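Starting from the known structure of chain A, arrange chain B on it as the hints suggest.
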Amino acid sequence: MTRYLAKRLIQMIPVLLGVTLVAFFIIHLAPGGPMTVLGGDAAQLDPTQVERIEEAYGLNQPLHAQYFHWLSHVLRGDFGISFVESRPVMEMYLERLPNTLYLNGIAILLVYLLAVPLGAISAVKQYSKFDYAVTIFAFAGDALPNFLTALLALYLVAMPSKGAIPMGGIASYGMKAEQVGLWLFLLDRARYLILPLLVVMCQSVTGVTRYMRSSMLEVIREDYVQTARAKGLSERVVIYKHALRNALIPVVTLAGSVIPALFSGSVIVEQIFSWPGVGLLGFRAVAGRDYPVIMAFLTLGSVVTVVSFLVVDLLYVAIDPRIKYE
Amino acid sequence: MRKPTRTATWLAMLLASAMLLTACGGSNKPAPTAEPTGTTPPAAQDAPKTPKIQGRLTWSAVGEPVNLNPILQSDTNSTFVVQRVFSGLVMINEKLEVAPDLAKSWTKSDDGLQWTFKLRDNVKFHDGKPMTGEDVAFTYNAIKDKGYTGPRSGDFAALEKVEVVDPYTVKFILKEPFAPFLANLTYGILPKHIYSAKPVAEMKDNPANRKPVGTGPWKLGEWVPGQYLTLIRHDDFYANGPYIPEMIVKFVQDGNVGVAKLEAGEFDIGAVPSSAIKRFKEKTSDVFNFYPYQGLGFEYLAFNTSKPGLNDKAVRQAIAHAIDRQKVVNDILEGEGTVLNAPVPPASWAYSEKPIRYSLDTAKAVKLLEGAGYTKGADGIYAKNGQRLAFTITTNTGSSVRESECLFIQKALKDIGIDIQINLVELATFQGKVLPTGNFDMTLNRANLNVDPDPYTYFHSSQAQKNAKGTFVGFNIAQYSNPALDKLLEDGRRENDQAKRKAIYGQYQDVIAEDVPWLVMFNYKSTYAIKKNVKGVVMSPTGPTQGWLWYTE
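If you read the sequences in order, they're chains A and B.
Residues in the first sequence are numbered consecutively from 1126, following my numbering.
Residues in the second sequence are numbered consecutively from 18, following my numbering.
Extracted from the complex, chain B is given alone in its bound form:
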């Protein structure tokens, strides 16, 4: 009786961990705003002159925030709260453009190495202290500090230092021109007077990480671990609003239960997964408005281009012609997605319509294989010089969409004479051991393009080199190497003129579509359900944003 009980407990833990991991898989780069799509009215049009300050909005979070320090946190739930409690130097507006936030304007030197920001002079922290250039410099110099323990230093490798010119002017000095720099300045500004007493190395243990003091539209009210936290209106917020004086974030531990609770009306707002959207709309369209948006997240099949067989462009193109991606979207995602031809979704300013599109064409796929010298063996699998086209797809457990995709691809490739095995591993192993070492033939994964579309880390040949620990220095997991593309990517991140960058990244998309180091599967589509009494909603490709413009009726 004793033993089974303990074994059962462990099995339960494993099972439950699989369930939770599904819930928190995926990337989590904070990136506010985008163009309102479909039914979303632009905020300005339907907003009355001054909405009343009233009402309460209940949100849900699957899991719970862990750290509310904007330069240390990296998980989705903490990001959600941090974006409402803190303001950054700049923000990303509905059109995915960089827009003023705490900085009201900025200029850059002709060589692109010095950026001078003029700050608003009416910004106060939640404790009443004014926000000045000292706080901005403190925040960014902390990221550059050698004791810094957070995940952001890679974003600021090009930054030399930050100088305070006068209380409301700061100057950022770069080592080299770096176009993605400006869009990275969205991280919340820390209060120097609270954090500066201790060295940056000890910042991770500062109690203020759980009792944040920011300049954002809401301040943290009460945080009851495991249950909820509240956000209370910051009366000294620099802009008009917020009009919703109180927001509650309730923690649920299971995504499915969260959707059921949303349906039952326990929350005022929430994301509805594609698998539930049809039923959800039928049952609740009198209570909720629906806000669909197509984000910067996409699914891709990466090929290890160092493996015999997969190093052959013809084989990769044949695979692309064998997989009916539209059918994947229709059958597995229930239509809640769009086939994408290159790793830049339409929501990004760098999107190009030009890259070639691989449509289902098994005859052409077979022709490509035979043209490259492969012949069909007795087992029905193509081979060349004794090398069979037999590969393994390695991906993570816990996502039913991804597991269905694997089976779909396995069958589709069998039809053209390529043998596929499926290897599912736990998420932490997948992210910690499989992806960074390139220990796979093919892998299915999700990428979230940043607001700045710089793809350097994904495809520049330098990013496939390995460090002493045997992991990639970047994220070129396909180990793709193409000198012409290297040149494009180097130019792209040095070019500060957006129109010229767009042309460069258009060529980049053509190259990736032609060479297929990644076969981009689809662009995820998401839908938010928001109660009908909530107005002035602004949505972005990563979800709801600019909440201080929202109001209730």
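Bound conformation, chain A alone:
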């Protein structure tokens, strides 16, 4: 097990190096550059100014030199200074990470709490009215893009509510727990959370529900479930003890792609609800060609992705005694 872990950790190094290398070159090859953003109107820039700006930001170096310069700093934990905001990239990232964790953490927790029972019951009662309802809901949720659900939520819920449900932001101006008391503070937070939370959940619940349903359907046809029934165990024990636990294994795999989303945020939801999260930061960096921020966003995203796949693989051992790593 230790050997396996060490091997996996070593394998991560070339993967991450490859990701940063490809990302770095693609980003720098994309047309435009921080110059067009830093310099404002193209009409106002004279060539000496462009050279000066390039020199100040190290952009006049050959690309590979820029990459190694970047890499050597990152290995020391320094993601550099944002071209656009002129302050440490890490500071910008960490300032927004709690907001993303707050929204997506609650969303993912509720998604699993809701989707696992929905999917399981739907499978056990296959072709019942309940099953049809869940399936229709799941397909509809998948088919609705979340920018549409978000805008619908704004126009159908927030706008008619006359301010009871705000249209965006994360808290009211001047709402501080020490001034208004904890309960008012939490209530205010909840008012802002509800719509983005529903929109984020709407799409993920449907996916996980369908996954859970098909996994459960597969498991309840297995021989050992029949055997359990033949032994005379109650249907309750058969389903919830034998079938459900096994059906959960593939759903755990999903966490491998869900956890990275926890850290990278959701650009569309964050944009429409003006939610100050990291997704928006990454997206604004792409639009503004803020290379250090884009690189930090992609690198941290890939680290989290690689690590969560490892965690998921390790979780298998905990859930399924048949799996062992040598």
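Hints were generated in silico from the structure; no laboratory data involved.
Watch out, some of these pointers could steer you wrong.
[Stated by the list, open to error] Restricting the straight-line Cα-Cα distance to at most 27 Å, the calculated cross-link-like pairs of lysine-lysine (BS3-like) are: (1) B:Lys121 / B:Lys135; (2) B:Lys486 / B:Lys324; (3) B:Lys121 / B:Lys146; (4) B:Lys504 / B:Lys125; (5) B:Lys146 / B:Lys135; (6) B:Lys69 / B:Lys552; (7) B:Lys381 / B:Lys344; (8) B:Lys298 / B:Lys542; (9) A:Lys1287 / B:Lys267; (10) B:Lys298 / A:Lys1287; (11) A:Lys1287 / B:Lys431; (12) B:Lys486 / B:Lys161; (13) A:Lys1287 / B:Lys549; (14) B:Lys517 / B:Lys188; (15) B:Lys483 / B:Lys371; (16) A:Lys1301 / B:Lys228; (17) B:Lys431 / B:Lys344; (18) A:Lys1287 / B:Lys300; (19) B:Lys295 / A:Lys1287; (20) A:Lys1287 / B:Lys552; (21) B:Lys324 / B:Lys381; (22) B:Lys215 / B:Lys228; (23) B:Lys267 / A:Lys1301; (24) B:Lys112 / B:Lys552; (25) B:Lys483 / B:Lys161; (26) B:Lys161 / B:Lys135; (27) B:Lys384 / B:Lys371.
[To be verified] To spell it out: a stretch of chain A is covered by chain B in this simulated footprint if at least three of its residues, at any positions, have a beta carbon under 8 Å from a beta carbon of chain B; those stretches are: (28) 1207–1220; (29) 1290–1299; (30) 1386–1397.
All values reported here derive from a predicted model rather than from experimental measurement.
From the three backbone atoms N, C-alpha and C, an ideal C-beta is built for every residue, glycine too.
Below, chain B alone, put in the same frame as chain A:
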């Protein structure tokens, strides 16, 4: 399951980037003030003797400021805050004239090379330190410094240096007479005592860029990234006011959501896009006053005059006669704009009514083509010597107005036998690769005329030359070359007498309308909605200004 999720994330990023780019496209030269139009009462008339200092004003910003250093920043949101936190030597008043701000008066030498400014002696920075000539000289000499990394050095190419004569007198020395010079002195004055410890090359990393200390009517209160910032009254502001002690700037990330929030009353003031204005007025006219204004921004179709076909004046004139610009304004802008004949909008003092106006006349367009030797081919497209009149319009994605315009032009030109393809590219590519290299047949773009109307960079033949990197040294993207016009533009920027300049720029507008290197489409019109309890509002062609005169009831 893994792969689609990541692809979806990227697609989402692309889509969202298109949406945001729409929101922040366009130019952003800070330029305060203009004549109040329509319903705007002049501030002085309805202001009582001394308004009470009370109330709070909530603004919205699509996006967020990034840098609050007046000589380094260039984006719209930073400009908004900087204009309220800093004061410049001069400002531009409601009539688009240069007016005193930190400088109370100025004189210039007869040769136009030395400008002496007398400063107010009662101006304090937000930290209590007095503002003197040292700060003025520091600010402008920083722009001239060889380590300077901001976008302003082009504006001050003619400036030699700034000297401090005494604490409240500064002298600007120019290398050559340069008429647009005075109107450029609006940039905020930096506090020397905060910035001078480090070389100018490191100014971009100074923490004071996010905690600005200025001399303006408001100081920065709290800045919560991603959410809002507050502006608090500067009690030692040199003039009367401000009467609004606190202003909040809330950041929204999507322009449409911003308008919806304005409609819901979450903001006290905001711009309403032309597409929403009718519905907005119907629903909210009991809450808001509306302040329309016609700014210095206009839309144009530029022709690459180095391309065969488009190098022919008759073809360009034929195109001008084929496009019904009034219909573009009515149908695409819902009437929120005005057809313009030359690249100077009426808000500018240099505006002339004389340039010829191309009205829709397809018969005349066809006659122009045939008169120039073009004959209609079997495919219905005109050609001469095997050269078909087939062109591509290249412009940026993310603007529904611009995309509709492309389709409109495509159809209109097909009617006179010119074939048009449309090529939409991402905004950064458009601004970084297409415009500066002239790699297009025709392009649709927006220009914002400066308060000083000098058009040298747009049409002087020297501005179409390319540097080692293959980009234009100026912005003559039409690659237009006309020795007579070159002479006019050179004279225009050396002439310090405004009446004479106006005559020169009148001739310039006639030349552009006649030769059509650009077909100017329309002058944008904008409308601000401001809550009814806000009084004393002063509006300019670029939006609200002189906020220290505003008050609430």
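Quick rundown of the hints versus the structure:
Of the pairs offered as hints, the one joining lysine 121 (chain B) and lysine 135 (chain B) holds, with about 6 Å between alpha carbons and a cut-off of 27 Å not exceeded. Among the hinted pairs, lysine 486 (chain B) with lysine 324 (chain B) is consistent with the structure: their alpha-carbon atoms are about 21 Å apart, no more than 27 Å. Distance restraint check for lysine 121 (chain B) and lysine 146 (chain B): the Cα-Cα separation of roughly 19 Å lies within the 27 Å cut-off, and the hinted pair is therefore satisfied. Under the criterion of a C-alpha separation no larger than 27 Å, the hint pairing lysine 504 (chain B) with lysine 125 (chain B) is consistent with the structure, at around 25 Å.
With a C-alpha separation of about 19 Å, the suggested pairing of lysine 146 (chain B) with lysine 135 (chain B) holds against the 27 Å cut-off. This hinted pair checks out: lysine 69 (chain B) and lysine 552 (chain B) have alpha carbons roughly 12 Å apart, not beyond 27 Å. Pair hint lysine 381 (chain B) plus lysine 344 (chain B) holds up; C-alpha atoms about 18 Å apart against a cutoff of 27 Å. Annotation: proposed proximity of lysine 298 (chain B) to lysine 542 (chain B) holds, straight-line Cα distance about 16 Å (limit 27 Å).
Taking the CA atoms of lysine 1287 (chain A) and lysine 267 (chain B), the gap is about 19 Å. The hint holds against a cut of 27 Å. As the CA atoms of lysine 298 (chain B) and lysine 1287 (chain A) are separated by approximately 18 Å, the hinted pair is consistent with the 27 Å bound. Restraint check for lysine 1287 (chain A) and lysine 431 (chain B): the C-alpha separation of about 50 Å exceeds 27 Å, so the hint is violated. For the hint linking lysine 486 (chain B) to lysine 161 (chain B), the alpha-carbon distance of about 24 Å falls within 27 Å, and the restraint holds.
Pair hint lysine 1287 (chain A) plus lysine 549 (chain B) holds up; C-alpha atoms about 19 Å apart against a cutoff of 27 Å. In summary, the hint linking lysine 517 (chain B) to lysine 188 (chain B) is supported, as the alpha carbons are separated by about 26 Å, within the 27 Å threshold. For the suggested pair lysine 483 (chain B) and lysine 371 (chain B), the alpha carbons sit about 33 Å apart, so the restraint of at most 27 Å is broken. For the hint linking lysine 1301 (chain A) to lysine 228 (chain B), the alpha-carbon distance of about 22 Å falls within 27 Å, and the restraint holds.
Proposed proximity of lysine 431 (chain B) and lysine 344 (chain B) is supported: the alpha carbons are some 17 Å apart, at most 27 Å. Among the hinted pairs, lysine 1287 (chain A) with lysine 300 (chain B) is consistent with the structure: their alpha-carbon atoms are about 14 Å apart, no more than 27 Å. A C-alpha spacing of about 21 Å is found between lysine 295 (chain B) and lysine 1287 (chain A), which places the hinted pair at or below 27 Å, so the restraint holds. Simply put, lysine 1287 (chain A) and lysine 552 (chain B) have alpha-carbon atoms about 25 Å apart, close enough for the 27 Å limit, and the pair holds.
Note on lysine 324 (chain B) and lysine 381 (chain B): the hinted pairing holds, with a Cα-Cα distance of about 23 Å set against a maximum of 27 Å. Simply put, lysine 215 (chain B) and lysine 228 (chain B) have alpha-carbon atoms about 17 Å apart, close enough for the 27 Å limit, and the pair holds. The straight-line distance between the Cα atoms of lysine 267 (chain B) and lysine 1301 (chain A) is roughly 17 Å, inside the 27 Å bound, and the hint therefore holds. Using a Cα cut-off of 27 Å, the hinted pair lysine 112 (chain B) and lysine 552 (chain B) holds, with the two alpha carbons roughly 20 Å apart.
At roughly 24 Å between alpha-carbon atoms, lysine 483 (chain B) and lysine 161 (chain B) fall within 27 Å of each other, so this suggested pair holds. Simply put, lysine 161 (chain B) and lysine 135 (chain B) have alpha-carbon atoms about 22 Å apart, close enough for the 27 Å limit, and the pair holds. This hinted pair checks out: lysine 384 (chain B) and lysine 371 (chain B) have alpha carbons roughly 24 Å apart, not beyond 27 Å. Coverage of the segment 1207–1220 of chain A by chain B holds. Counting CB-CB distances below 8 Å, 6 residues qualify, and the rule asks for three or more.
Counting residues of the segment 1290–1299 of chain A whose CB falls under 8 Å from any CB of chain B gives 7; the rule of at least 3 is met. Given as covered by chain B, the segment 1386–1397 of chain A passes the check, having 8 residues with a CB less than 8 Å from a CB of that chain where 3 are the minimum.
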